[in-house]
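Participant: Sequence:
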Amino acid sequence: MFLTGRAGTGKTTLLRQLIFNSLDKAVVLAPTGLAAVNVGGQTIHSFFNFPPRLLDAGDTKKIRNQRLVKAIETMVIDEVSMVRADMMQAIDNSLRLNRADKRPFGGVRMILSGDLHQLPPVVGSDVEHILEESYGGAWFFKAPGFVAGQFRLAALKRIFRQEDEVFIRILNSLRSGRLSVDD
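Numbering (the numbering used here), first residue to last: 1 to 183.
Just to be clear, a hint being listed does not mean it is correct.
Claimed, not checked - Dumping the calculated DSS-like pairs for lysine-lysine here, alpha-carbon to alpha-carbon at most 25 Å:
(1) Lys62 / Lys102
(2) Lys102 / Lys70
(3) Lys102 / Lys25
(4) Lys142 / Lys61
(5) Lys25 / Lys61
(6) Lys70 / Lys25
Don't read these hints as lab results, they were simulated from the structure.
Assemble the whole structure, with the sequences as input and the hints as a guide.
Facilitator: Now the structure itself:
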């Protein structure tokens, strides 16, 4: 599932509830340390032991704690908009390898959460052309593993964080790049 919505729609609150209901069979990951702390998880790099660079097939290795990896039922990735295509593909490859399961993401139920209008993936000029040639772009949804996963979209619409309708309208206009003088 790809859970999306504007800021304040309750993505993190819903994720926390999903995680709570999954108990110990869920792994919660995020692309940065701060995002991981916000959802009570760890970074993608630390869980998979990925190096901090452009990832390729050689970076998919056996994970030490095989029992943990094989027991995972659900993997949550928050702030997925910051995940590049090479990392999403490496996650898919690693789960397939470590679970000895050829299904997308090794058969793990994936819950990806984020807003594509917020933080984009970090792409240095040295890797931009490689990501474009290899995946057709840097975004996580360009990875073949994501496409094979056939993710369902769940878009949260109602904003809970703000109650002032005028302010919400201004934020929505700003978000879509259509802020007018009247706003």
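Participant: Taking the hints in turn, state whether each one holds.
Facilitator: Status of each hint after checking the structure:
Using a Cα cut-off of 25 Å, the hinted pair lysine 62 and lysine 102 holds, with the two alpha carbons roughly 15 Å apart. Pair hint lysine 102 plus lysine 70 holds up; C-alpha atoms about 13 Å apart against a cutoff of 25 Å. For the hint linking lysine 102 to lysine 25, the alpha-carbon distance of about 20 Å falls within 25 Å, and the restraint holds. For the suggested pair lysine 142 and lysine 61, the alpha carbons sit about 22 Å apart, so the restraint of at most 25 Å is met.
Between lysine 25 and lysine 61 the CA atoms are separated by roughly 22 Å; this keeps the pair inside 25 Å, and the hint holds. With a CA separation close to 10 Å, the supplied pair lysine 70 and lysine 25 stays within the 25 Å bound.
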